[in-house]
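Colleague: Once you've looked at the hints, dock chains G and W against the given chain A.
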Amino acid sequence: MRLLPKTGRFFEKFVEQAATIHEAAVLLLDMLEKSEGFENTGAKITDLEHRGDNITHEILTSLNQTFITPFDREDIHALSSRLDDVLDLIEAAANKVVFYKITGRMQPAVELAQIIVRCAERIKTAMAALERQDRILDHCIELNRLENEGDRISRVAIAQLFEQERDPITLIKRKELYEVLEDAIDCCEDVANVLESVVLKSN
Amino acid sequence: MRLLPKTGRFFEKFVEQAATIHEAAVLLLDMLEKSEGFENTGAKITDLEHRGDNITHEILTSLNQTFITPFDREDIHALSSRLDDVLDLIEAAANKVVFYKITGRMQPAVELAQIIVRCAERIKTAMAALERQDRILDHCIELNRLENEGDRISRVAIAQLFEQERDPITLIKRKELYEVLEDAIDCCEDVANVLESVVLKSN
Amino acid sequence: MRLLPKTGRFFEKFVEQAATIHEAAVLLLDMLEKSEGFENTGAKITDLEHRGDNITHEILTSLNQTFITPFDREDIHALSSRLDDVLDLIEAAANKVVFYKITGRMQPAVELAQIIVRCAERIKTAMAALERQDRILDHCIELNRLENEGDRISRVAIAQLFEQERDPITLIKRKELYEVLEDAIDCCEDVANVLESVVLKSN
Numbered sequence: 001m002r003l004l005p006k007t008g009r010f011f012e013k014f015v016e017q018a019a020t021i022h023e024a025a026v027l028l029l030d031m032l033e034k035s036e037g038f039e040n041t042g043a044k045i046t047d048l049e050h051r052g053d054n055i056t057h058e059i060l061t062s063l064n065q066t067f068i069t070p071f072d073r074e075d076i077h078a079l080s081s082r083l084d085d086v087l088d089l090i091e092a093a094a095n096k097v098v099f100y101k102i103t104g105r106m107q108p109a110v111e112l113a114q115i116i117v118r119c120a121e122r123i124k125t126a127m128a129a130l131e132r133q134d135r136i137l138d139h140c141i142e143l144n145r146l147e148n149e150g151d152r153i154s155r156v157a158i159a160q161l162f163e164q165e166r167d168p169i170t171l172i173k174r175k176e177l178y179e180v181l182e183d184a185i186d187c188c189e190d191v192a193n194v195l196e197s198v199v200l201k202s203n
Numbered sequence: 204m205r206l207l208p209k210t211g212r213f214f215e216k217f218v219e220q221a222a223t224i225h226e227a228a229v230l231l232l233d234m235l236e237k238s239e240g241f242e243n244t245g246a247k248i249t250d251l252e253h254r255g256d257n258i259t260h261e262i263l264t265s266l267n268q269t270f271i272t273p274f275d276r277e278d279i280h281a282l283s284s285r286l287d288d289v290l291d292l293i294e295a296a297a298n299k300v301v302f303y304k305i306t307g308r309m310q311p312a313v314e315l316a317q318i319i320v321r322c323a324e325r326i327k328t329a330m331a332a333l334e335r336q337d338r339i340l341d342h343c344i345e346l347n348r349l350e351n352e353g354d355r356i357s358r359v360a361i362a363q364l365f366e367q368e369r370d371p372i373t374l375i376k377r378k379e380l381y382e383v384l385e386d387a388i389d390c391c392e393d394v395a396n397v398l399e400s401v402v403l404k405s406n
Numbered sequence: 407m408r409l410l411p412k413t414g415r416f417f418e419k420f421v422e423q424a425a426t427i428h429e430a431a432v433l434l435l436d437m438l439e440k441s442e443g444f445e446n447t448g449a450k451i452t453d454l455e456h457r458g459d460n461i462t463h464e465i466l467t468s469l470n471q472t473f474i475t476p477f478d479r480e481d482i483h484a485l486s487s488r489l490d491d492v493l494d495l496i497e498a499a500a501n502k503v504v505f506y507k508i509t510g511r512m513q514p515a516v517e518l519a520q521i522i523v524r525c526a527e528r529i530k531t532a533m534a535a536l537e538r539q540d541r542i543l544d545h546c547i548e549l550n551r552l553e554n555e556g557d558r559i560s561r562v563a564i565a566q567l568f569e570q571e572r573d574p575i576t577l578i579k580r581k582e583l584y585e586v587l588e589d590a591i592d593c594c595e596d597v598a599n600v601l602e603s604v605v606l607k608s609n
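Those protein sequences? They're chains A, G and W, same order as listed. For what it's worth, this note's numbering labels the leading residue of the first sequence as 1, then goes sequentially. For what it's worth, this note's numbering labels the leading residue of the second sequence as 204, then goes sequentially. For what it's worth, this note's numbering labels the leading residue of the third sequence as 407, then goes sequentially.
Bound conformation, chain A alone (with noise of 0.2 Å):
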């Protein structure tokens, strides 16, 4: 196993992760437009939130088994680690959903993870060029873009909400909503800020 190492597995485990991000991405965003069905949806979310977990601790099983790696070992943890983060993140979204038993469509919200399934789209075209590095550093730009309009969308709807809700109950649930959203997102941009350093390292 050492003396050959398929360091390729790497990246194909890294594509995987992005497929699970993007599919629960894809769930949450359905989950917010229909405002009904939560329960169902938010356990196909949970679902693929351990899927995730599974492939993390693959890619650190490998690591530990893999003498020769295709970038630094320290990176191919802290991109699993923050790959993992977003999943979390879009899974925490949908449990404040589900828990806050959150009804009505919030617009803003919807718009939100529809930055998040656009972030998510993006991871996935850039592990799939990870090997190759190609179009890397494009991607952290649009990923930093798009974390850019998420703030924009959250700081505005966050303000709106002091405006109009009188229930502070009610606002703070909304509130919380908004801000796991937006955390999701940043966690993309730190994925990107990983993919960033990895390319600094290699050229």
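Treat the hints loosely; a few may be bogus.
Stated by the list, open to error - Think about it this way: if two alpha-carbon atoms lie no more than 30 Å apart in a straight line, the pair counts; the simulated DSSO-like pairs of lysine-lysine are:
#1 W:K607 <-> G:K304
#2 G:K376 <-> A:K173
#3 A:K175 <-> W:K579
#4 G:K237 <-> W:K581
#5 G:K404 <-> A:K13
#6 A:K173 <-> W:K507
#7 G:K378 <-> W:K507
#8 G:K376 <-> W:K607
#9 W:K607 <-> A:K201
#10 A:K175 <-> G:K247
#11 A:K173 <-> G:K378
#12 W:K530 <-> A:K201
#13 A:K175 <-> W:K440
#14 G:K376 <-> A:K101
#15 W:K530 <-> A:K175
#16 W:K581 <-> A:K101
#17 W:K581 <-> G:K378
#18 A:K124 <-> A:K44
#19 A:K173 <-> W:K579
#20 G:K378 <-> A:K101
#21 G:K237 <-> G:K404
#22 W:K419 <-> G:K376
#23 G:K378 <-> A:K44
#24 W:K507 <-> A:K175
#25 G:K404 <-> G:K216
#26 G:K237 <-> G:K376
#27 G:K404 <-> A:K201
#28 W:K579 <-> G:K327
#29 G:K247 <-> G:K404
#30 A:K175 <-> G:K216
#31 A:K201 <-> W:K419
#32 W:K581 <-> A:K173
#33 A:K173 <-> G:K304
#34 G:K378 <-> W:K607
#35 W:K579 <-> A:K101
#36 W:K607 <-> A:K175
#37 G:K378 <-> A:K175
#38 G:K247 <-> W:K607
#39 G:K376 <-> W:K581
Honestly, the hints are just simulated from the structure, not real lab data. Values in this document were obtained by computation on a predicted structure and should not be read as measured data.
Modeller: Chains G and W alone, transformed into the frame defined by chain A:
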């Protein structure tokens, strides 16, 4: 000094830092079980937090004066910082109880504090076994499992709070206590992540 | 370019980034002291935040084009990111004031902003002294001390808020302002931690 580094000192200091965390965790549990005499126990936890700061400072100063370190300089820095964070969060939880004047036994808070105590025991054991790298990954797996358990407890607790608590200010206080307890547990998992990375690099 | 790296450029850029942080910190303090003309000052802080983003981008691009760096590539990346975070949090504090329409002088918020200004001064001095590594650890100790002071002020402020403020929505707004101001101070301590690590490695 530089010619005769006492590398064992780092391991001793980590054991000491872990013992301080454990002591603070036990006091926090006691505080939440009894729901009285907060100021007194809170002051003891703050003393432990200061002792922990001193140990952290000693580790960083040693790092500065030692030429050969038992494992990566950066990981010694990271491990010490994450242990420091755990203690900070235990103190933050105690401070919330004291400053928010939270009264009345909160069963989920007690359960979360019990998990913190169990995490602290694991961290103590792991620190004592770090020099000979004995079963470190097992302790990491258990810390991850405890984190999942804590996560589940705090989610259910917060969902119940939103269902049952009608006073928004009480809701905010209790929710924050659950969250900071969960943060402390998460931070124990971060300790596990650093340990995992130390083991990965040494293999 | 690669053959004749101008390593001094990194130090210049860090000085510039620190000056931008300081300028934004002074405006934030002004905003909190006056409690009027928020939109105008807020817009200036947002401009500074964009300028800071550009400097960060320039540093990362230089890093990409320079073969020999004055200190670890990873630490240049980390230092630049942490400085960027400080500026982001100063802007986030200003945005809370503007978007939440917080009015009326809040003495603890003014005190926290004063600490941010003092942190920014220290960071400026440290950045100017980084190339010759002059007294960097002293500045780190002072940044740690300022963080402790900020911590104490915000804890007391939040405890008082829970005792005195009966309107939950006002309580949420003010509590968040205290918290983001404290986060900005914490982030200055993170800058100190990177600097400490740079000094540790170079010794």
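Colleague: Hint check: K376 of chain G vs K173 of chain A, CA-CA at most 30 Å. Holds or violated?
Modeller: holds, 15 Å
Colleague: Between K404 of chain G and K13 of chain A, is the straight-line Cα distance small enough, at 30 Å or below?
Modeller: holds, 20 Å
Colleague: Sort out whether K607 of chain W lies within 30 Å of K376 of chain G, counting only the CA atoms.
Modeller: violated, 43 Å
Colleague: Just to be careful, I want the Cα atoms of K581 of chain W and K101 of chain A compared with a cutoff of 30 Å; is the pair within it?
Modeller: holds, 25 Å
Colleague: Taken at face value, is the distance from the CA of K175 of chain A to the CA of K607 of chain W at most 30 Å?
Modeller: violated, 43 Å
Colleague: Can you confirm whether the C-alpha distance between K378 of chain G and K175 of chain A stays at or below 30 Å?
Modeller: With Cα atoms ~14 Å apart, K378 of chain G and K175 of chain A stay inside 30 Å; holds.
Colleague: Has the given pair, K579 of chain W with K101 of chain A, been kept, meaning a C-alpha gap of at most 30 Å?
Modeller: holds, 24 Å
Colleague: Quickly compare the C-alpha distance for K173 of chain A and K507 of chain W to 30 Å and report which way the hint goes.
Modeller: Status holds; Cα separation ~21 Å.
Colleague: Take a quick look at whether K419 of chain W and K376 of chain G sit within 30 Å of each other, Cα to Cα.
Modeller: violated, 43 Å
Colleague: Sort out whether K173 of chain A lies within 30 Å of K581 of chain W, counting only the CA atoms.
Modeller: holds, 16 Å
Colleague: Keeping to a limit of 30 Å between CA atoms, is the pair of K607 of chain W and K304 of chain G held or broken?
Modeller: Answer violated: K607 of chain W to K304 of chain G is near 45 Å, above 30 Å.
Colleague: Holds or violated: are the alpha carbons of K378 of chain G and K101 of chain A at most 30 Å from each other?
Modeller: holds, 16 Å
Going down the numbered hints, you'll see the structure goes against 1, 8, 10, 15, 21, 22, 28, 29, 30, 34, 36, 38, while the others check out.
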